[in-house]
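A.B. asks: The residues making up each chain are set out below.
2 protein chains.
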Amino acid sequence: MEHFQPSEVKIGLLGGGQLGKMIIQEAINYNLNISILDPDKHAPCKHLVKEFVCGSFSDYQTVYDFGKDKHIVTIEIENVNTEALFDLEKIGVKVFPQPQVIETCKDKGLQKIFFQNNELPTSDFFLIDSKNQISKYKDFFPFFQKLRVGGYDGKGVVKLTSVEKIEHAFDAPSVLEMQVEVLKEVSVIVNRNESGEVKCFPTVQCVFNPQAHLVDYLFSPSDLKSNKEQELKTLSIKIAQALNIVGTLAIEYFIKKDGTILINEMAPRVHNSGHQTIEANYVSQFEQHLRSILNMPLGDTSIVKPAVMLNVIGSENAEGPAKYDGMSNLTKYKGVYLHLYGKHITKPYRKMGHITIIDETIEAAKMKALSIKDIFKVTA
Amino acid sequence: MEHFQPSEVKIGLLGGGQLGKMIIQEAINYNLNISILDPDKHAPCKHLVKEFVCGSFSDYQTVYDFGKDKHIVTIEIENVNTEALFDLEKIGVKVFPQPQVIETCKDKGLQKIFFQNNELPTSDFFLIDSKNQISKYKDFFPFFQKLRVGGYDGKGVVKLTSVEKIEHAFDAPSVLEMQVEVLKEVSVIVNRNESGEVKCFPTVQCVFNPQAHLVDYLFSPSDLKSNKEQELKTLSIKIAQALNIVGTLAIEYFIKKDGTILINEMAPRVHNSGHQTIEANYVSQFEQHLRSILNMPLGDTSIVKPAVMLNVIGSENAEGPAKYDGMSNLTKYKGVYLHLYGKHITKPYRKMGHITIIDETIEAAKMKALSIKDIFKVTA
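Note that the protein sequences, when read in sequence, are chains X and Z.
Once you know that position 335 of the first sequence is 335 in this note's numbering, the rest is easy, because the numbers rise by one and skip nothing.
So the number in this note's numbering is just where the residue sits in the second sequence, counting from 1, plus 1000.
I should point out that these hints are in silico values taken from the structure, not numbers from a laboratory.
One or more hints might be untrue.
Claimed, not checked - With a cut-off of at most 25 angstroms between alpha-carbon atoms, the simulated PhoX-like pairs for lysine-lysine come out as follows:
1) LYS1323/Z <-> LYS50/X
2) LYS1010/Z <-> LYS46/X
3) LYS233/X <-> LYS1332/Z
4) LYS1377/Z <-> LYS332/X
5) LYS1010/Z <-> LYS1138/Z
6) LYS377/X <-> LYS1041/Z
7) LYS1332/Z <-> LYS10/X
8) LYS68/X <-> LYS41/X
9) LYS1257/Z <-> LYS10/X
10) LYS1238/Z <-> LYS50/X
11) LYS332/X <-> LYS1094/Z
12) LYS46/X <-> LYS1050/Z
13) LYS165/X <-> LYS146/X
14) LYS1257/Z <-> LYS1238/Z
15) LYS46/X <-> LYS1332/Z
16) LYS377/X <-> LYS366/X
17) LYS46/X <-> LYS1046/Z
If we strip away everything but chain X, and leave its shape as in the complex, we get (with noise of 0.2 angstroms):
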């Protein structure tokens, strides 16, 4: 890092959407050069950087061509073909998280083994390769079928309560997790430099909206009391070491009525919630992901305002391109921060950006965060 030019550093950028968007916003306080592949040529990414590359990062050849005069190859969503990536390390492209620590992500039945492996706690749970394989685990409904591959934002799950259910299960290599009674979901964001640095942000709660199985708010920081607090740190770096990650993990968890802590999912990347942390802590998580890749001194991850972080979801009934009703009337509130993501069609429940809110305490956050819940809206 001394005698440093960073805009000779090529970082090759795996996806172009939302958390790229954020990634490209911290980038440019280090002067980094950034590309983009991305298969959308709408890309929110696209007209950020130098070179934005159209093409589809599960291709073997797209990837490799992308990422073969790059120095650091890293991506945003952790559904890219790895094949190249392992082949890309070969000729000596750094690529953070490492192939392998994202074949293990991205695959929800290799994060289970992995979890089991690694003594780590996880719920109960059976793979199967194909819908005609549930029936044989009736006796232990309900539970949840998740794909193995390709699920995001709540898609590529379905509760399954009875036999009749299978009907609508999918016909697809997935997890079959047993239910645990909940009373907690929270996450952590932990990040691991390639010198071994680790350190997590704190744990945020989230609460979500059971129709569109997305995020409906979060919090930071959560309510835990501090040792469970310190419990999660203490798990979130265990996890991160076993994988030896470069770059940011995400880890959400379950935490049951008795306490017991249990890990839901994993993903190598930066994370939906994580973003509260670009106004709400000392460092986010977008400049913390840049500062593991690039091998920099970890920045401190305290809180600076407690803060609630709303998702922007499309409206029910809305498809086309995106308008917003209620800007002026969300931006007159102090502290309240408006992120779109530039998506230009918006679709029922899609993510089209999210609202930060930070208060003097959390309390106050949250507050704010209701009354100006249903100001603001995406419609088409």
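Since chain X is already given, all that's left is putting chain Z on it; use the hints.
C.D. replies: Same frame as chain X, but now just chain Z:
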């Protein structure tokens, strides 16, 4: 602002340097569609926008052609062709700040006349057209000669102490400004939107580097007593209203030993003395500028954390492609934010970036600034 489609509002920005870059970082949150005009084909903003036009912003036709298909035209530098801006206004383009405001502000002589006409306090002065008129004012030595147009970053100012020094004077239209005994130099950034809403940021206090004639560091909040703060606020609002500006106005003040406030000069744009607002205030000057020109409600300007801002300037003996030393050591500190401007070439004293330091108290932020001051260097 209802049924708002931000990407359909075409905003043209004259200038694509660091100020433009920081405006774009905020514009990304609202998915705004900004085009840039800049004469430098390596301008820091070049790769951050869909439309980058390489051309002179002082050329009538270039500015007119750039602006004619825009809804709003704004600036990050005041030395632009205002004739073209007046003609753009005539065809319905909104030009913020308005061309007449830019004309007043870009000429330090017209600024002085404006202050005089509006009974706004400023130091005594004379206007001259050429060097040979200076000797007429020999009874008033020492004074500062300031070029009426085109000075920036300490360039275009010379101190004249005796008749012998006149040979070093500028031979161009200038302001001769009587020296005053200055106790403090402070700055206020004030915004006004099209509806007439006006808001000031809290006063920041500047400490100058006498060699470079650049701000060495500034701190926020200033150490002024609350009645003086209020007086500056009232005066700043009065100036913005007298100008009828829509946009951002940065006003630099002298405070004399007896407490008298004098206006030093003003710039009709975002300003070096407001960079700390990115991390340290609820709204940043860059977002506030966008809110002003889009006629959105102005954001809350209050302080989240006390801050110090250090300019990162090119080392004295280095000229050439910029390299950065000390990145790892610098980024270890909590609450320290590096902003590199992405200028390809460094020159002695060239502004290459800035560092914002936040902490719980202004004393702690100053202490931290002192300890990191010499860690980071720009070399060639």
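A.B. asks: All the hints need checking, so say for each whether the structure fits it.
C.D. replies: The hints, checked one at a time:
Between the alpha carbons of LYS1323/Z and LYS50/X the distance comes to roughly 20 angstroms, so the proposed pair stays at or under 25 angstroms and holds. In summary, the hint linking LYS1010/Z to LYS46/X is supported, as the alpha carbons are separated by about 17 angstroms, within the 25 angstroms threshold. A C-alpha spacing of about 21 angstroms is found between LYS233/X and LYS1332/Z, which places the hinted pair at or below 25 angstroms, so the restraint holds. At most 25 angstroms may separate the alpha-carbon atoms for a hinted pair to count; LYS1377/Z and LYS332/X exceed this at roughly 41 angstroms.
Distance hint between LYS1010/Z and LYS1138/Z is unfulfilled; the C-alpha atoms sit about 52 angstroms from each other, more than 25 angstroms. A C-alpha spacing of about 40 angstroms is found between LYS377/X and LYS1041/Z, which places the hinted pair above 25 angstroms, so the restraint is violated. As the CA atoms of LYS1332/Z and LYS10/X are separated by approximately 23 angstroms, the hinted pair is consistent with the 25 angstroms bound. Only pairs whose Cα atoms come within 25 angstroms are accepted, and LYS68/X paired with LYS41/X is accepted, the gap being roughly 22 angstroms.
A threshold of 25 angstroms between alpha carbons decides the hint, and for LYS1257/Z with LYS10/X the separation of about 53 angstroms lies outside it, so the pair is violated. At roughly 43 angstroms between alpha-carbon atoms, LYS1238/Z and LYS50/X are farther apart than 25 angstroms, so this suggested pair is violated. A C-alpha spacing of about 23 angstroms is found between LYS332/X and LYS1094/Z, which places the hinted pair at or below 25 angstroms, so the restraint holds. With a CA separation close to 8 angstroms, the supplied pair LYS46/X and LYS1050/Z stays within the 25 angstroms bound.
Proximity of LYS165/X to LYS146/X is assessed by CA-CA distance (about 14 angstroms); at most 25 angstroms being required, the pair is judged to hold. Pair hint LYS1257/Z plus LYS1238/Z holds up; C-alpha atoms about 23 angstroms apart against a cutoff of 25 angstroms. Taking the CA atoms of LYS46/X and LYS1332/Z, the gap is about 32 angstroms. The hint is violated against a cut of 25 angstroms. For the hint pairing LYS377/X with LYS366/X, the CA-to-CA distance comes to about 19 angstroms; that is within 25 angstroms, so the pair holds.
Note on LYS46/X and LYS1046/Z: the hinted pairing holds, with a Cα-Cα distance of about 13 angstroms set against a maximum of 25 angstroms.
The earlier numbered hints that this structure contradicts are 4, 5, 6, 9, 10 and 15.
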